[in-house]
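Visitor: Construct the entire structure; sequences and hints are all you get.
Number of protein chains: 4
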Amino acid sequence: MSEMPVFGAGIWHFATYKDRYATEGYGPPVGLLEQIDKAGAVGDLSVVDLNWPFAGFDGSLDDVKAALERNQLRAVAITPEIYNRDYVKGSITNPDPAVRAQALKLLHEATELARELGCDYVKLWFGQDGWDYPFQVDHKTLWRHSIDGIGELAAQNPDLKFVIEYKPREPRVHMSYDSVARTLLGIEKMGVPNVGILLDFGHSLYGGESPADAAQLAIDHGRLFGMDVNDNFRSWDDDLIAGSVHPIELFEFFYTLRKNKWEGVWQLDQFPFREDCVAVANTAIDFLKIVERALDKLDFAAMQKAQDEHDAVTALKLAREALFTSY
Amino acid sequence: MSEMPVFGAGIWHFATYKDRYATEGYGPPVGLLEQIDKAGAVGDLSVVDLNWPFAGFDGSLDDVKAALERNQLRAVAITPEIYNRDYVKGSITNPDPAVRAQALKLLHEATELARELGCDYVKLWFGQDGWDYPFQVDHKTLWRHSIDGIGELAAQNPDLKFVIEYKPREPRVHMSYDSVARTLLGIEKMGVPNVGILLDFGHSLYGGESPADAAQLAIDHGRLFGMDVNDNFRSWDDDLIAGSVHPIELFEFFYTLRKNKWEGVWQLDQFPFREDCVAVANTAIDFLKIVERALDKLDFAAMQKAQDEHDAVTALKLAREALFTSY
Amino acid sequence: MSEMPVFGAGIWHFATYKDRYATEGYGPPVGLLEQIDKAGAVGDLSVVDLNWPFAGFDGSLDDVKAALERNQLRAVAITPEIYNRDYVKGSITNPDPAVRAQALKLLHEATELARELGCDYVKLWFGQDGWDYPFQVDHKTLWRHSIDGIGELAAQNPDLKFVIEYKPREPRVHMSYDSVARTLLGIEKMGVPNVGILLDFGHSLYGGESPADAAQLAIDHGRLFGMDVNDNFRSWDDDLIAGSVHPIELFEFFYTLRKNKWEGVWQLDQFPFREDCVAVANTAIDFLKIVERALDKLDFAAMQKAQDEHDAVTALKLAREALFTSY
Amino acid sequence: MSEMPVFGAGIWHFATYKDRYATEGYGPPVGLLEQIDKAGAVGDLSVVDLNWPFAGFDGSLDDVKAALERNQLRAVAITPEIYNRDYVKGSITNPDPAVRAQALKLLHEATELARELGCDYVKLWFGQDGWDYPFQVDHKTLWRHSIDGIGELAAQNPDLKFVIEYKPREPRVHMSYDSVARTLLGIEKMGVPNVGILLDFGHSLYGGESPADAAQLAIDHGRLFGMDVNDNFRSWDDDLIAGSVHPIELFEFFYTLRKNKWEGVWQLDQFPFREDCVAVANTAIDFLKIVERALDKLDFAAMQKAQDEHDAVTALKLAREALFTSY
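Residue numbers (the numbering used here), protein chains in the order written: chain A, 52 to 378; chain B, 52 to 378; chain C, 52 to 378; chain D, 52 to 378.
Hint data in this document are derived by calculation from the structure and do not stem from the laboratory.
There may be inaccurate statements among the hints.
Below, computed lysine to any residue pairings styled on SDA-like, alpha-carbon distance capped at 25 Å [to be verified]:
no.	chain 1	residue 1	chain 2	residue 2
1	A	Lys368	C	Ile341
2	A	Lys312	A	Ile341
3	A	Lys191	D	Gly315
4	A	Lys140	D	Ala353
5	C	Lys240	B	Ile198
6	C	Lys340	A	Thr376
7	B	Lys356	C	Ala149
8	A	Lys368	C	Asp95
9	A	Lys140	D	Lys356
10	D	Lys140	C	Gly82
11	D	Lys368	B	Asp327
12	C	Lys348	C	Asn333
13	A	Lys348	A	Val364
14	C	Lys368	A	Asn333
15	A	Lys340	C	Lys348
16	B	Lys356	C	Asp137
17	B	Lys240	C	Gly259
18	C	Lys140	D	Thr74
19	B	Lys368	D	Met55
20	B	Lys140	B	Met241
21	A	Lys348	C	Glu372
Covered stretches of chain D, going by a simulated chain B footprint (3 or more residues, C-beta under 8 Å) [what the hints assert, rightly or not]:
no.	segment
22	282-293
23	327-335
We put the CB at the ideal spot given by N, CA and C, even for glycine.
Guide: What follows is the structure, encoded as C-alpha cells:
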C-alpha cells in the first residue's frame, strides 16, 4: 500500500466570508494566526497556501512563521490578492497602465515572500481580469496584457514556480484565463519553463471540462504544477466539500494523476460558509483517503484495457468496485 | 402613443458592493442618503425600493423622508434584510426556532415601515433559505417552514401587499423559492389575496424559464404584483444592464405585460459593480423607452395571428421590425 | 433486510437509436419482440413500459403478450408516441385543432391498450409541446391547451392512472411541462385524482432541481405515481447509466422515497446509444441494489436529527458510510 | 458603404431532420437535388457546403454540378460524414484501428471531391470523437488520435484548406475538439499551415465562450479559416435563426471580424426542424444585412477608445445606436 499523500489547504478555508448580500459576514472575523491554528487543528494537514498581503493582520512575518511552526505547517504557496481593492477592474489587464504596473509590483513582492517562506510556488489567480459585457474590451489587447509580464517575472525568478489557476468566471463575468487549454496557449507564448497550471477540480467541472482530461492535457504539456479539490453543481464555483457531489469524477481525476506518476500536494480549496471549517476539512480528507485506498486496490491493467476499448461499462464497474469497497 | 411608464430601482443600485474576494469593496462605502441622491440624479426615476434595516445609517427616518422628497422619489417597497448577519443559515426556514421567530419579527417591522412610508408592498427575498448539500435538509419541513408565517403576516396586514421574489440560487446553493411555478404553489397554500410574486427578469432567465411565459403564468394566477429587469448570461444572476444581452426576450416580456394590460412600475435591479451607477441606470432606462415605443408600434393583431399559428418566422419579423425601428 | 424492489425499464432501452446526425442509426433496427427478449435477458427486470403505436411492428397484440410472458415480464405502462410524425409541432397544444383532436384520440387508444394489458398507468410525455423561439406562442393559450383534455381523459378512465413525465426540453427547445412545480400546478387545475407525476431523476437533475426535493413535493401533493432513473451531466438528458455520475444524489432520492414509505417500481430510462443494452441494464441494477442495501443500513434517526439541524457534515458522513459500505 | 458579404449555408439547412424521438422524421425526405434547388430559392445565397457521401442520392456528380449551376451556387466546402453509421464510436479516435483507417480514407475521398468541385476547404466535424462516461477513455491516447493523421492529410493536399469545427458536445456527451483554445492547441501540434478553424457562433456561445473573443484568438493565431452563424439559448446547439436570441453578441462577433479585416463567407448553420427552410434562411440573411449596415455606421474610433478604457456603458451605447438604427 502506498503512503498517504501530503494534504494541504488554502488558508482562506479557515476564514469567515462575506458576499454581496451578507456584507456583514457569515461570522465574526478570524485573524490570520487564528486561521493558522485552525488549519493546525485538522488532523492531516501539512501545508497551507497564504494570501498576500496578510489581510487585516498587523503582526510580523515572524509571528506568522511561529504560528506555522507550532502547528507543524509549511507554506506551500503565496497567493497575491490581485483581485481586491485596487484591482476590481483588472490587475495585469487593467486599462490603466499604472494599475498594471502596481499589480506586477505586488506579484514581485509575493515572489519575495514565497522565497522567504520556502514556498514551492506563487499562485496567480486573475479573478478580476476579463470582462462583463459584450463590446466592453478589445480582446486582442486583453489577452496580450494577460500574458505580458508573467514570462518576465518567471524568468527573473527561476528558482520558483508560478502557477496560473484558471476559472471560467467570478468575480468577473468572464475571466481571460478561463480553461485549461486557453491557459496552456498563454503559457506556451510566455516561453519559460517555470510557469504552469494549478488545476482546481471544481473550476474544471463547472467550466464543462472533464477534470481527468484537463489534468492529462496539462501533464502532456509538462505544465501541471499543482491542483486542488472541492465540489460543486457544475454551474458555479460552489467550493463544497470534495466528494460530496461528484465522487466518481474525483476518483477519475486522481486515477489520472496516479497513472501519470504525478506527485504533489492534495490541496483543499473549499469555502465552508456556514459549516465548521475544521470539520469540513477533516471530512474531505477522510474521503480523499478512501480515494487513495481505492487507487491502491484498482486493477490498473484491466482499467487500461477497458479504456483502450472505450468500454464504459467495464471501466465503470472496475472503478465502482474499487471505490465502493475502500471505506 | 402611450405615456411612458413609471421607472424605479432598488436603492442598492446606488451602493457599492463587496463579494467573497473583493472583501474590501468595489469602492468606498456610500451612505443611504447619498444613495438616494444618486437615485435622484437619474433622469427618469420616480420610485425606489429600500432595504430595512438601513445598513450603516444612524440618521432618523425623517432624514430619509427628506432625502426622498428633495429627489422627488417615493419609496415603493421595503426589502427586509433577512439574508444578512443572523440569517445566513436561513430566516423563516432556519433550523433554530428562535431565529425563525426573529425573522418574522423583522418582517413585521418592515411592514410597519412600509405602511409609514406609504409603500405599495413589502418584498420578501429569501436568499439564505434553502440548502447547499445533498442530504442536508428534510425537504418537507423546509418547504413547510417556507410557507408558514407568511400567510399570517399577510392576513394581519390586509392593506399592504407582500411579494416573494424567487431566484434559483445565491447565496444559497439552492433556494426554496426557486421558480415561478414553485412560488405559485406556495402562495396558493397560504390562501390569502395579498401575497404575490415579484418577477425578476434575470432570475427567470437564468432559472431556465422564458420570462414572458413566467409573467403570463403569474398573471393567470392573479399574482403578478411587481417586476424588475436586468440582464445576465443565463448561468448566474449577473444583474447587468437591462437589454445588454437579451433585448428580444426583454421585449417579449414587456409585450406580455402590455397584452395583459398589466400596470406597474418598471424597476431596475442592476448591480453596477465597476461602472458609474447613474450612467448605468440612465442607459437602461433609455433602452426601456425604446421598448415602450416599440410596443406602441408593434402590430398586436398580426402578432396574435402569428402566435396562434406558432409561426416563429413571422412573429420574430414583426418583433424585429418594431424593436429595431424605435431607437 | 427489506426485499429487493421491483425493477423495470422502458422498452426503448433495448432498441437502437437515431439522432439528427447519425440518421442511419447507431445499429441495425431491433424489432419489438426482440426488444422484449433483450429485456427478458436482464437478470432482475420484471416490468416494461411499451410505446404505442408499436413502431415498425406488424405482428399481433397476442404476439406481444406471448413475448412478455415467455420473458416473465409485465407491461407496467403504455407511452403513446405523441412526439413523432404528426406531432412535431405539438400534440395537445398543436396550433391545428384537428391535430389536437387526433392526439387525444391516440391517448384514448393508448388507454384502451393499457387496460387490455393490465398496465398500472398511461404515461404522457409531451416532448413536442412547447416552443422554440421568443414570441412564437401565446403562453396563456399554450398552457391552457396543455391542460385541456387530460382531465377529461382521466375522468373517463377512473380505473387507470395517468402520469405526466416532465422534462425541461428536447426535442422542443422549451417544453410546457418542464418541472415538478409547473406540472403540479397543471394537475391541480385538472381536478381529478388519477393524474400524477412520473419523476425522471435525470430530468429533475438537469432542470436544476434536487430530485429528492422534487420527489418530496410531489409526494406531499399526493401525486408521485411513478419514477425512473438514469444519469447525466446536468446540462442535457443524457440518459446515462444510473449512478455513473451522481451516486450521492441518487441515494438521497431513494432515501426520500423510503422515508415517505413510497412504493413502486424502480425503473430505468437509459439510452445506451453505443453500449450493449443488456449489460447497461444489469450494471445499473447492480448499483440500485447497492442503494437498497445502503438504505437498510442507514441510520434514519441519526439522519433525521442531522437534517433537523441542517447539519450537512454529519448528514453526508452518515450517507457516505452507508453507501460506501454496501457494495 | 461596403458591398454586402457573400452568404452561404450548409446544404443540410434545406433537408428534413430526424432525432431520437421523431425517428420517422420532421417531414418527408428531401433529396439532394431538391435541397440544392431550395438553396437556390433563397434570395442572396451564393455558396453551399455539401456533405459526403451524398446521402440517399444515386445520381451522378454531374447531376450535382448541374443543379448547383442552375441555381447559381458554388460548393464552398465538403463536410465528410464521419459521424454516421460506421463512426458512432468515433472516427479518427475510434478504438478500432481499422475504423480509424477507414475514416481517414473517407477524409481523403472528401478531399478529392472538394478539389473536383473547386471548394475552398474540407470541413472536419468530429461529432462522435470523444467520450460519454467518466473512466471511459484514456485521455492521452484519445487526444493523440484526434491529432494524428490530420496533419499528414493536410500536408499531402497543400492546395486545399482543412477546417476543424469544434463543438462542446452532441452527439458525443463530450467531444475532444470542444473549444477554440483546445482546437488551436491541437492545430499547433500538427505543424502545417493549411489546417484552421471554422468557428460556429452557436457552438462558441453554448461552450461558454464569447464568440468575439474566440474569433480574435483564432485570428491572432492565423487560424480563422471560416465561420457560420445561428443562435441558441446557451445550453445546447439549437441551431436557431441567427439574431433571434443574441443580436448584440452577433454584432460584436462581426465587429471583431471587420476590425481585423477578416474576409470570408457569412454562412448559416441553422436547423429549421419545424419551419420553412427558405423563409428561415431569408429572415436570417435579412438580419445579417442589418448587421452589415450597422458596421458601416458604427464609429470604430469611438468604440476603440471605449474599449481601451473598458468602458462598457459607452461601448454598449455606440453598439446599440448603430444596430438599432440600421433596419
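Visitor: All hints, please: hold or fail.
Guide: The hints, checked one at a time:
no., hint, result
1, Lys368/A - Ile341/C, "holds (13 Å)"
2, Lys312/A - Ile341/A, "holds (19 Å)"
3, Lys191/A - Gly315/D, "holds (20 Å)"
4, Lys140/A - Ala353/D, "holds (20 Å)"
5, Lys240/C - Ile198/B, "holds (21 Å)"
6, Lys340/C - Thr376/A, "holds (15 Å)"
7, Lys356/B - Ala149/C, "holds (18 Å)"
8, Lys368/A - Asp95/C, "holds (18 Å)"
9, Lys140/A - Lys356/D, "holds (16 Å)"
10, Lys140/D - Gly82/C, "holds (23 Å)"
11, Lys368/D - Asp327/B, "holds (14 Å)"
12, Lys348/C - Asn333/C, "holds (23 Å)"
13, Lys348/A - Val364/A, "holds (19 Å)"
14, Lys368/C - Asn333/A, "holds (11 Å)"
15, Lys340/A - Lys348/C, "holds (22 Å)"
16, Lys356/B - Asp137/C, "holds (22 Å)"
17, Lys240/B - Gly259/C, "holds (23 Å)"
18, Lys140/C - Thr74/D, "holds (15 Å)"
19, Lys368/B - Met55/D, "holds (21 Å)"
20, Lys140/B - Met241/B, "holds (23 Å)"
21, Lys348/A - Glu372/C, "holds (19 Å)"
22, 282-293, "holds (count 4)"
23, 327-335, "holds (count 4)"
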